[in-house]
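Residues per chain, in single letters:
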Amino acid sequence: MLIPHPLLGPRDAQEFVYLGDAALIDRPDGTAAGIEAFHDYLYLRDNPAGQHRELWYHEQGDRSWLVVTRDTVTHEILKAELARDVALARGRGR
Amino acid sequence: MSGPFRLPSGGLIDRGRTLRFTFDGRAFAGHPGDTLASALLAGGVRLMGRSFKYHRPRGPLSAGSEEPNALVTLRSGARAEPNTRATVAEIYDGLQATSQNRWPSLRFDLMAVNDLIHPFLAAGFYYKTFMWPARFWERLYEPLIRRAAGLGRLSGEADPDGYDKGFRHCDLLVIGAGPAGLMAALTAGRAGARVILADEDFLPGGRLNAERLEVADMPGADWAAAVVAELAALPNLRLMPRTTVIGAFDHGIYGAVERVADHLPEPPPGRPRQVLWRIYARRAVLAAGATERPIAFPGNDRPGVMLAGAMRAYANRWAVAAGRRVALFVNNEDGLRTAADLAERGVEVVAVIDARPEGARLPGLRHLRGAEVVATAGRLGLRSVTLRHSDGRRETIAADALGVSGGWNPNLQLTVHHRGRPRWDEAIAAFVPGPGGPPGLAAAGAAAGLMSTHGALASGRARALEALADLGIAARAADLPRAEDAPVSLRPVWHVAGARGRAWIDQQNDVTVKDIALAHAENFTGAEHLKRYTTLGMATDQGRTGNVIGLAVMAGLTGRSIAETGTTAARPPYTPVAIGALAGRSRGKAFRPVRLTPSHRWAEEQGAVFVEAGLWLRTQYIPRPGETHWRQSVDREVLATRASVGICDVSTLGKIDIQGADAGAFLDRVYANTFSTLPVGRCRYGIMLREDGIVFDDGTTARLAEDEWVMTTTTANAVAVFRHLEFCRQCLWPALDVQLISTTEAWAQYSVAGPNARRLLERIVDQDISDAAFPYMAAGRVTVCGGLRARLFRISFSGELAYEIAVPARYGDGLIRALVEAGRDFDAVVYGTEALGVLRVEKGHVAGGELNGQMTALNMGLGRMVSRKKDAIGVVLSGREGLTDPGGHRLVGVRPVDPSAGLTAGSHLLEPGAAKVAENDLGWLTSKVYSPHLGHDIALAYLRGGEARIGSRMRAVNLLAGTETEVEITSPHFIDPQGERLRG
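Chains V and D are the protein sequences, given in the same order.
Each step along the first sequence adds one to the number in my numbering, with nothing skipped, and position 26 is 26.
Each step along the second sequence adds one to the number in my numbering, with nothing skipped, and position 251 is 345.
Here chain D stands alone, though its shape is the one from the complex (with noise of 0.2 Å):
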């Protein structure tokens, strides 16, 4: 026997396996079948939390995933998860189970002093106290209330385990598979239609499991798994266990976390944990059932008090006693369920307080009409209750258990998540789904407020009915089979009226029915006032036990109805969802693709260092034995080009094919300046404006024939160009003759640039590249290593004589190890960004630190390229005065005054003797970088009047880095201003 409250037979647990497990490392045994909190019943054990706010001792009130009090820590290290409801773990051979929110111990919990204070720790109490002084809130009053806050703690160490994600279609998506959902699966999957039956708990059957009613003359669980046997077999139909439809979203989408392997040690070889699932449904059934809800009574909290359908579950479904002595307190019908069910297992039932003064007493037993519960004892578990009597005569009943039924709650949330709007149903004086609300789901059985079995049985099969017809599947209405059809019979009672002491409305939260006196003293009346004030309804259980009796109370004090109190918005998730699936693969090195380069083998193979480039990893630089700092390496990479060659991998820039009759017309409207009277065989420097007149990106883009040109973006910009060029010519100018593709990954393209680069290329190219047969800004195919097809464009980057040369990207490798031997006898180097952005910085070429999306050609000093001869985008708006500004912003160069002085990207440049404060700040410095062949630190800068300042010195002061320089203010260009390097 597992536990000395398991009762002698039933339960679908089997007994024939035992299972041991530790709760604050006392062992315990359990069954397959067994939920924790079902095994620790059985073994004795009630006390299993501390509450959120006043560390009160708190058992399970649920026996589902609206469970408020039961949180535990399961397993440890990596894998320890916090703040898992202990009612819906399924128990394995050697689970590790921890008690959360108490210290030293579980029992004995110091922060339990919290509740022997409670009258200062009311509602809006940290709003009303940690006012003054402010400065006290970030260094004093934040941390302590951070520590004390919170229930369980995170591991802080990596997930070891595995999350993914799915995609999943069907016809009809059933949300629940109680009797309703049943019902629903089996109408659906008998007509042939796509059907995925989702339910939150690992054994089919809903309610059913946990009664003893019969459908079809059978016990409910047995008629349960007979029909989900039938279902299994449909290969039309997908069971998912262990799987919550989380929310409602937007065209028949919904959110499912199915828990692959929660219940496992750990997930088997190859497989996740959990998997996020994106069903797309064309319809759905919401069969979620509904969720008791307690009466709030003073000490309405101790642990043995729990929900009555909760115990009448643990004794049917888990063959669990809740206590020796059980009473029950109960405004309803289904309450008394509990009473009889216990009572034919054999278990103990004292007195049922039944708060409706009249109808039949259960024969035999203390059916007490017109009572109601004032008070409960029991420090760290219920020792007893006491009644109210109708006539006022007090009772005290030695009890150690108390369930307590305050009605049903339709698990309505769903239909809330698309603006649905629930409606207050008095006949179950709860919320039904309203109008709104996802379309193409509809609402069954309990969820739909259809509290008997065969209400269940009923809607389901009409649901699905009504689904299959709108979607044009034929099908049969399958017989419905005989359940009970009894009536809620229920006498709304939310608190007990004239009784003294703490009543809990909102047992995770601590909030009790003072808590929303004090909100309506205080005018928050509203549900979601009421919600933010008192923290009624926050958490990880979302309210679902505790919500509506808070609106009720609040409603009894404001005078207005249920209805017009309202009731907060449920939006996703359904229950709490662990980031990691949310996640899914997407983690580490996963988070976003990597894009490699064609010369990232061989990269490797040189120990080159790799920087990331948005999605890219390009070589930063490539040390050479013997160099300790990457400055070494750099200088050695810039010095090497200048003198003879230096090659890069440019493969990363973006190219765009732009083919057709009117490419060059297209060109110039794209661009700033113009194209179209480009000649074939020849390349041209873009500049590229967004509409706003602001430049977007720039750029190289060459002729190769009449119709056929090819242009380059930067790095960053490759996919946004490519849209804003499919938009210009789909959107604006669908009439021209012109089509695009791009190609940045079908070439690999290396840049060749020093004194150098011809005689090195010759040895590559078939083809006569002297300066004549293909000038500076040359551009066409030619072909490499004896007829490989290539491209070659005579641009510079670096200010060099350079070439750019593209071959198919499959020959990458091959081109880059052939370019190296090729360069050999002129001692060739490979060189990284890092060097390219030494040469770029000396050359006065703009690039990132620039191209920040902020400033004009005219700020850049490319004012003179934009053509207003012609129509082109943003060219009219860079118009603009506050863009014209002479005064404004223009590119300059900066240099330290004392050589030996470095310089700090980011520095603001101030007149000397300027205050250091932003009304002075004139400018800043874009890029930095070490120059080896001025020997010291040069910046590019945007500077206010910039051209007139040229010669004066500044101060480039960073307030952040804590750094000031007295610079001197240069021509951006600090190489070869006139070009004669790259024309040689």
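Bound-form chain V, shown alone (with noise of 0.2 Å):
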């Protein structure tokens, strides 16, 4: 597969690290939620056979984490973000 990577372009996933689900972002205020609202952040997953928003991490490269869309079914990438910037979007900060 190739990556478009948003800074560098192109690159062979060979080069990333695969996580899995970009809800990984959305992690709970540990000051604030129990343990039932952590288990759901950490083990409950969608698995969709479509599109599916995923956390890739450019370890032989310049160490982004990206965001991508990718299509589950076909392997098309619809889209590609730096996870700083989805984060960010998403309200998280400091």
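There could be a bad hint or two in this list.
[What the hints assert, rightly or not] Here chain V is said to cover these stretches of chain D; the calculated rule only asks that three of the stretch's residues, wherever they fall, bring their Cβ under 8 Å from a Cβ of chain V:
1) 341 to 351
2) 825 to 836
3) 952 to 966
4) 969 to 976
Everything labelled a hint here was simulated from the structure, so no lab data went into it.
No residue lacks a Cβ here, since even glycine has one placed at the ideal position from N, Cα and C.
These two chains come separately, so use the hints to put the complex back together.
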């Protein structure tokens, strides 16, 4: 696979490490949320046949974490964003 | 003349040169341009192999990579390569080829007894027969079947040749250099696009080399050669002969195997035998041609029976007659070309048996309409053919070769690699590329079901023009050369009905029409079930000649259409790939990179023994003269360290520089304990959890300045921790002002431990490092040896007064030499990982065996380090009920009650008298060492309710090693539990 890195252009997927569902960005606040919320965050994932937003780490490259929108049926990649931008847009900060 | 069956003229072979080779020890001759099969046929050899199951005598069925029968072993010794297709192997002077799957000889094979008992060996025989008794399977049935199964044998020796991998990029990849591929490459090449033209053959031209058909009013092979010459001169086009595109992968990535040196006695110096290419293509044209299929009739597998197109190729391309008296059995117009071509070349064609009742007859030949072959005879090769005329009358004709054509199947395999679904085309009675398939890949020519030369040329040009337009590359449509455009005119005949005897469908796997009927009777009617039940379409040829007729026979039995029956999905690779090509250079020592520490050269000079730690080679111990057992060296290193001072290279520990105004806050979130309160110039032991509450890693982190920290990780987790920290920084807390960089390889770091550690270091470090100036857990920048910048940490893994000192990696060799020199008066030793392990187990520090990815801080006795006053990764879930059981595993020490008794790591802890069953298992020994200080074995262990059991006696049982030892449970701190030494 080729991943269109937003900064570096198309890069071979072999340069990346896959983590999984981009929902891992939405980590609960550990000072407020309890075990139930963390359990759901950590263990409950969707496994769609179709579009999936997932985290890839450019380990053999610039160390960016990316959110890649991929069709799990065709492997078509519809979008690749810097995870940092996605996290900021989702209200994550400090 | 190279053999009695070589025709006096013609052929794309160099008759001026003779190449000598052997087959089963017999000498033969051929010419450059010959394959092993063509040269053997020229030499009168038809019998080239024995079939897989029944050991039937077999000859070549085809003239290409689809060959199911003529599999041989090439070369000898370590270079022997089994299961190579004689039909594609190029001969060279000195080639040794050997037949397979026969004993004692190809002509007399004792295993052919299987053929006599064939009624018992039908499809499903193994599944049904070797069921009972179950215990016979492993001991008797499987070894017997394994001995009988398989074709060629591996040499068992390491392959002496190199293999490589490479990467290439192009606008257009053209797969196949027949008329369609050449026209596509010409169109794109002239337009200036970057083109790769790959062809599995050593001679580009595809089917044009095997035909007498004209293109642009010249012989097709000459036209192909002229186009190839033009293409070869284009700087933007790369011609890759002997290169098979084996698979279409995601996003326009194609795998291809180039046989660089298979046609040579051995690879030239510095060159690989094969290269596995990864080709990144923006667009691709599949011009892989088509494969002819046989017709199933009794005795259709005898040597001498071959595909009509192959017979024509042997005559036209290699100037070899398949026999003296040749018959043909065809159901389509293309098969008649063989009759005409052979007659033209002076080969006697005794009969053309044409299953089609209607139509004109070939002039000057005995062309029998509406006839079918019902039997053949000849033990090791065809002697006669029995046919049934349209009126039912039978006739036996003497013939030593029979060409069969049942139609052609497009080579659409690559279009199926992305869930593409082939479509059944009634007009040519074959599957053609259907919807789906790899984006950017379009089929042209016979691969797309266009069977005429004109169709190939026109579609090759069209597909290339479409691809170029897609890419925005301006192109001009080259004139189409004049070529034949004959219709296929086929009447489907899959197998000859009403004839007795075994009719073969898949010759490689010995699948007959009867086996298909049996699969139907047992309801294995789906295409995939049929394959698995009968083995139709398995093994090296993947059923390229047999699949469709097998499916058609099944369709006939079920009453469904072939389209409804469907076909199995072709998967990569298109043709067999040597494991060596897939491995490339990743063999032996080059399997993975080796990382050397800065003291490696020094340690080598000392005769150190090294151990692999991940990619690293670390010093395990350094034997001294007279030491004959590793324990002598390790015991000495441990005792000398505790008595005076020892030095150890710890450069392999992960080192991460963490900077920024929020670095402290960041560390508070990634470590379970608190760091933001740590003063500048101090370091702290930290424990890092995974989000599920399990301990991930541990190490010390020092604060070098208000906003500058340096973290250490374990050697094993250096990469994973850094990845995790980047995840936390970028995905979880993107607004924190914190920056990370891995400096693992930037610093050489040595531990200096023991009562004389400070005195030794005072000779190296330029600053005051007295206990008052540099107390326990101090950290900071210093200089050494009169000005070299360095970092000093007063931390201890051994329990002794200890420091770790780091200098830029390029000074690591110098520093180890300086430390050893400075320690000479103190009898300083350099210790390796074994002594390191002994020292830390004696002190009760957790490491590899304890940091096993299953245990919490509580299990490790570090529960109080987990701060619940802040948000940190893993803290919430570490509080789950299952992880906080008071009776759960706790870290303890273990020693044998009898000091002379040994302990075994991995042993399980049981109550005295408890039965040795899993329910009574209370824990296990994670790390075991011999403590020279205490004079007996000691171990760390996880034990249920461990703290409460300290002082009690248990049994350490190891069922694998067959050991059982009475042990006492102790504190994990065997030495200096109060920590007085390290604060000294």
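Evaluation of the provided hints:
no. : hint       : result
1   : 341 to 351 : holds (count 5)
2   : 825 to 836 : holds (count 6)
3   : 952 to 966 : holds (count 3)
4   : 969 to 976 : holds (count 5)
Consistency note: the structure conflicts with none of the earlier hints.
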